[in-house]
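Under our numbering, think of the first position of the sequence shown as 36, with each following residue one higher.
Read the hints as simulated data drawn from the structure, not as lab findings. Think of the CB as a built atom: it goes at the ideal place given N, C-alpha and C, for glycine as much as any other residue. Honestly, I wouldn't trust all of these hints.
[To be verified] Lysine-lysine pairs mimicking DSS-like chemistry, simulated, CA-CA at most 30 Å apart:
#1 624 / 564
#2 359 / 441
#3 389 / 359
[What the hints assert, rightly or not] Label-pair restraints from in silico Cβ distances:
#4 235 / 466: 36 to 42 Å
#5 337 / 242: 54 to 60 Å
#6 654 / 175: 21 to 27 Å
#7 575 / 335: 30 to 36 Å
#8 771 / 637: 30 to 36 Å
#9 295 / 466: 44 to 50 Å
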Amino acid sequence: MKHRFVFFFGCGSLVGCAGILGIDSLPEQSGSGYTVTVVSGAGQSGLVGKALDAPVVVEVRDATGAPVAQRKVTFAASNGGGYFTDSVAPVTDAQGRASIHWVLGPSALNELRATSEDVTATVTATATDPWQFAVGVGLPVGRMFRDGIGDAARFGDVLGITAGGNGKLYVTDSLGHTVRQIDPVSREVTTLAGFTGASGTTQGIGSAGRFNTPFGVAREGAGTLLVASVNGQVIQRVDLNTQMVSLLAGGNGVGAVDGTGAGAQFNLPYAVDCDDAGQVAYVADHANHVIRQINLVTGEVSTLAGIAGTKGFADGSLTTATFKFPTGITHNGRTLYVSDNANARIRKIDLDAKTVSTVSGAAGIEPAGGFVDGDAATARFTAIIGLTYFDGFLYVADRQAHAIRKVDANTGAVTTIVGSPPSAGVKFGALDAVNGVEARLFQPHDVAVVVGPEGAALYVTEAGGTDVRRVLLKDNYPVTSFAAKAVVPTNGDARKEAILDWPRGLALASDRLLIAEAIGADIRHVDLKTNVVTRLAGADDERNDPIDGVPARFGYPNAVAIDEAKGFAYVASGDQLVRQIALATGETKTIAGEAWSRGTIDGPGKSARFQDVQGIALDPVGQKLYLADTLSHRIRVLDLASADYRVSPVAGSSLGYTDGSNVEATFNTPRALAFHDNALYVADSGNHVIRRVALDASGYGQVTTFAGNRGEAKHVDGALLDARFLTPSSLAFQGDLLYLVDIDGNALRRIHIPSGTVSTLLGGPAGAPAGPGPLSMPKKPAYLAVRPNGEVLFTTYEENVVFRLGPP
Numbered sequence: 036m037k038h039r040f041v042f043f044f045g046c047g048s049l050v051g052c053a054g055i056l057g058i059d060s061l062p063e064q065s066g067s068g069y070t071v072t073v074v075s076g077a078g079q080s081g082l083v084g085k086a087l088d089a090p091v092v093v094e095v096r097d098a099t100g101a102p103v104a105q106r107k108v109t110f111a112a113s114n115g116g117g118y119f120t121d122s123v124a125p126v127t128d129a130q131g132r133a134s135i136h137w138v139l140g141p142s143a144l145n146e147l148r149a150t151s152e153d154v155t156a157t158v159t160a161t162a163t164d165p166w167q168f169a170v171g172v173g174l175p176v177g178r179m180f181r182d183g184i185g186d187a188a189r190f191g192d193v194l195g196i197t198a199g200g201n202g203k204l205y206v207t208d209s210l211g212h213t214v215r216q217i218d219p220v221s222r223e224v225t226t227l228a229g230f231t232g233a234s235g236t237t238q239g240i241g242s243a244g245r246f247n248t249p250f251g252v253a254r255e256g257a258g259t260l261l262v263a264s265v266n267g268q269v270i271q272r273v274d275l276n277t278q279m280v281s282l283l284a285g286g287n288g289v290g291a292v293d294g295t296g297a298g299a300q301f302n303l304p305y306a307v308d309c310d311d312a313g314q315v316a317y318v319a320d321h322a323n324h325v326i327r328q329i330n331l332v333t334g335e336v337s338t339l340a341g342i343a344g345t346k347g348f349a350d351g352s353l354t355t356a357t358f359k360f361p362t363g364i365t366h367n368g369r370t371l372y373v374s375d376n377a378n379a380r381i382r383k384i385d386l387d388a389k390t391v392s393t394v395s396g397a398a399g400i401e402p403a404g405g406f407v408d409g410d411a412a413t414a415r416f417t418a419i420i421g422l423t424y425f426d427g428f429l430y431v432a433d434r435q436a437h438a439i440r441k442v443d444a445n446t447g448a449v450t451t452i453v454g455s456p457p458s459a460g461v462k463f464g465a466l467d468a469v470n471g472v473e474a475r476l477f478q479p480h481d482v483a484v485v486v487g488p489e490g491a492a493l494y495v496t497e498a499g500g501t502d503v504r505r506v507l508l509k510d511n512y513p514v515t516s517f518a519a520k521a522v523v524p525t526n527g528d529a530r531k532e533a534i535l536d537w538p539r540g541l542a543l544a545s546d547r548l549l550i551a552e553a554i555g556a557d558i559r560h561v562d563l564k565t566n567v568v569t570r571l572a573g574a575d576d577e578r579n580d581p582i583d584g585v586p587a588r589f590g591y592p593n594a595v596a597i598d599e600a601k602g603f604a605y606v607a608s609g610d611q612l613v614r615q616i617a618l619a620t621g622e623t624k625t626i627a628g629e630a631w632s633r634g635t636i637d638g639p640g641k642s643a644r645f646q647d648v649q650g651i652a653l654d655p656v657g658q659k660l661y662l663a664d665t666l667s668h669r670i671r672v673l674d675l676a677s678a679d680y681r682v683s684p685v686a687g688s689s690l691g692y693t694d695g696s697n698v699e700a701t702f703n704t705p706r707a708l709a710f711h712d713n714a715l716y717v718a719d720s721g722n723h724v725i726r727r728v729a730l731d732a733s734g735y736g737q738v739t740t741f742a743g744n745r746g747e748a749k750h751v752d753g754a755l756l757d758a759r760f761l762t763p764s765s766l767a768f769q770g771d772l773l774y775l776v777d778i779d780g781n782a783l784r785r786i787h788i789p790s791g792t793v794s795t796l797l798g799g800p801a802g803a804p805a806g807p808g809p810l811s812m813p814k815k816p817a818y819l820a821v822r823p824n825g826e827v828l829f830t831t832y833e834e835n836v837v838f839r840l841g842p843p
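Model the full structure from these sequences, guided by the hints.
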């Protein structure tokens with residue numbers, strides 16, 4: 036179905052509603068004794084991207100009716116996405132007149148406003164070929180954020196799960212930074228607390244509360260949950276009655292410090308569990324390699340088992356035993372069970388005897404890991420995450436085996452009840468079945484048991500399938516979808532039939548589109564002529580351990596660029612690497628950085644270190660790759676022509692806002708770059724401005740503010756320095772037009788460089804509807820790419836597709 040593209044805005048006055056009411060222009064508006072009159076050019080029609088036949092001419096007169104010369108008139112494309120080819124702030128001539136040539140934007144209705152002092156006249160024009168706004172690549176399934184019933188719900192990255200004392204299920208959505216509630220009877224999914232896409236650790240009620248990548252969740256009592264915010268380094272409390280989010284412990288940075296409340300430190304707290312009395316919580320402190328305990332009355336945190344900072348495998352007393360990246364924790368009375376992930380074993384902590392022992396998992400066999408059912412001494416696991424105890428057994432989410440394992444808590448014997456071992460053929464999938472071992476899961480992460488009318492049921496979160504499945508603990512363990520619909524990313528012979536997994540960065544060359552899939556951990560290729568979608572580089576198991584070669588693996592790729600003439604693509608990813616991919620073969624190699632190693636070090640590529648490269652841009656001849664190292668607040672360059680891929684500074688030195696030369700300049704989280712006319716344009720997101728870096732012969736840059744005003748986070752179109760932005764990100768040039776996304780403004784914007792016109796192509800702070808069809812501007816646009824005809828392709832942080840704004 037084709038959808039017409041029209042803007043609708045709220046109207047506070049007749050001036051703002053002129054186009055909606057069908058009035059071609061409001062020819063005369065007065066104020067302060069002056070009038071601004073539209074003399075000519077109103078009511079025209081034309082083609083999108085083409086200048087109207089006649090200029091718009093306005094006339095300024097004073098209170099006596101006399102024309103006013105040398106009076107500044109400011110023109111702004113206030114609706115429709117058009118721009119101007121003349122100065123947007125001319126002064127009136129002797130007749131009091133000023134004129135401007137107007138290029139129509141993609142909306143059916145275009146509007147401009149001419150303002151002198153505080154007086155405004157509005158003119159509308161009609162595009163005879165308005166553009167469409169629709170999904171361009173992918174099906175709207177999988178990794179998204181929507182409340183709903185059953186299959187209609189969507190999760191971003193559903194991880195932890197627990198049963199609340201009120202009979203509801205609660206899950207953590209780590210990408211959305213929210214806690215979601217599921218009614219086990221109606222299957223309705225609602226958001227309990229947190230605000231989609233907004234991270235933090237602040238106290239607040241419902242959507243005012245903040246989580247930072249919540250992983251583990253546990254029932255504290257009849258009306259309270261505990262949540263482990265892994266990147267926030269905190270354990271938080273959620274009151275189910277009031278929806279109040281509050282801090283229990285942590286938040287004092289990263290570390291292993293015992294203490295009370297905010298005085299304690301964690302290092303990636305993955306999972307949390309509470310004792311039956313609601314007196315003590317237990318935390319799998321992942322990167323500290325220990326189990327911590329929290330007094331729920333006083334908030335005091337202490338180390339229960341393991342040696343902080345020492346990873347290993349040793350049973351023994353609480354103070355001598357060691358763990359290696361524990362990920363899950365559950366209990367039965369005075370016994371704790373731990374998923375000791377990197378050791379691929381289930382461990383047991385006896386709280387009375389004060390000892391640690393191994394329940395199951397090939398004791399003494401190194402390296403640990405594998406997939407074998409059997410007794411305690413021979414059974415093996417791949418990547419065990421969540422686990423729960425019920426009726427004498429442990430149910431374990433074996434994530435990379437895409438299976439649920441059942442462990443006898445007394446003997447340690449292991450059987451697989453859902454999924455099949457990799458050797459059986461299909462490794463993963465989204466298949467329900469009446470026989471559990473015939474079902475297919477996709478990266479199960481956590482499990483919880485609820486006893487209902489049909490008996491005991493195991494609920495399983497799937498990080499890969501982004502859903503919740505239900506397994507009845509009887510007969511052959513039948514598996515059904517429960518909340519959201521399990522999906523597996525696929526290629527396709529039509530770009531609207533492919534299933535993506537968290538598309539982020541985009542790159543265009545000729546009729547080739549590359550998509551960096553952050554969670555899918557690969558680079559997808561779309562042939563825009565044939566619509567065939569294939570995988571250029573990456574593997575279908577979605578593992579994020581970076582590996583070069585074919586098939587390659589990536590750790591959260593987010594930015595991509597193409598040098599079609601030389602046959603390469605370049606990718607920057609969250610694993611702190613910059614990679615080169617051969618377009619013909621998909622052969623991938625690392626050219627700069629070290630996997631998962633953060634830093635700000637220049638030098639040869641393999642010695643260089645990055646904080647978080649979120650934007651990249653090639654120079655026109657493919658000799659240099661410019662990098663927006665977002666968290667180091669620097670612009671850097673990688674020399675592709677040098678034998679060692681040397682990395683050097685270009686501009687920026689620290690967090691701040693200072694124009695100036697090279698390291699004298701400062702930025703605030705620069706997210707994106709675009710190269711144009713020997714200069715770099717920078718989306719300086721934290722300062723809400725566009726900066727320009729004029730490159731000199733030495734490669735350093737002189738930094739100036741190009742558009743916007745520092746710290747003024749607003750949505751305002753107009754002249755360059757009069758315009759305002761809301762977290763600008765992602766930049767792309769097409770001719771003299773600079774396209775950008777405003778993340779928090781929920782808008783696509785563009786700047787016509789010669790005239791200095793900033794206008795809105797689509798959306799706005801309120802997410803303005805795009806037309807009479809079902810689509811409206813999605814929240815939080817992320818990355819964009821622009822075709823030669825001006826067609827815009829873009830991704831968002833809340834939808835699992837690539838959108839298209841372009842000709843019908």
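> Does the Cβ pair residue 771, residue 637 satisfy 30 to 36 Å?
Replying inline: holds (33 Å)
> Given a hinted range of 21 to 27 Å, is it respected by the beta-carbon distance of residue 654 and residue 175?
Replying inline: Given about 37 Å between the Cβ atoms, the range is violated.
> Is 30 to 36 Å right for how far apart the beta carbons of residue 575 and residue 335 are?
Replying inline: Since the Cβ atoms of residue 575 and residue 335 sit about 46 Å apart, the hinted range of 30 to 36 Å is violated.
> Is the distance from the Cβ of residue 295 to the Cβ of residue 466 consistent with 44 to 50 Å?
Replying inline: Holds, since residue 295 and residue 466 (Cβ atoms, about 49 Å apart) stay within the stated range.
> When you check the alpha-carbon spacing of residue 389 and residue 359, does it fall within 30 Å?
Replying inline: Roughly 19 Å between the alpha carbons, so the hint for residue 389 and residue 359 holds.
> Is it true that residue 337 and residue 242 lie within 54 to 60 Å of each other by Cβ?
Replying inline: violated (34 Å)
>> For residue 624 and residue 564, compute the direct alpha-carbon distance and say whether it is at most 30 Å.
In response: With Cα atoms ~28 Å apart, residue 624 and residue 564 stay inside 30 Å; holds.
>> Given the hinted pair residue 359 and residue 441, is their Cα-Cα distance within 30 Å?
In response: Holds, at about 22 Å.
> How does the Cβ-Cβ distance of residue 235 and residue 466 compare with 36 to 42 Å: does it lie in that range?
Replying inline: holds (38 Å)
Consistency with the previously given hints fails for numbers 5, 6 and 7, ordered from lowest to highest.
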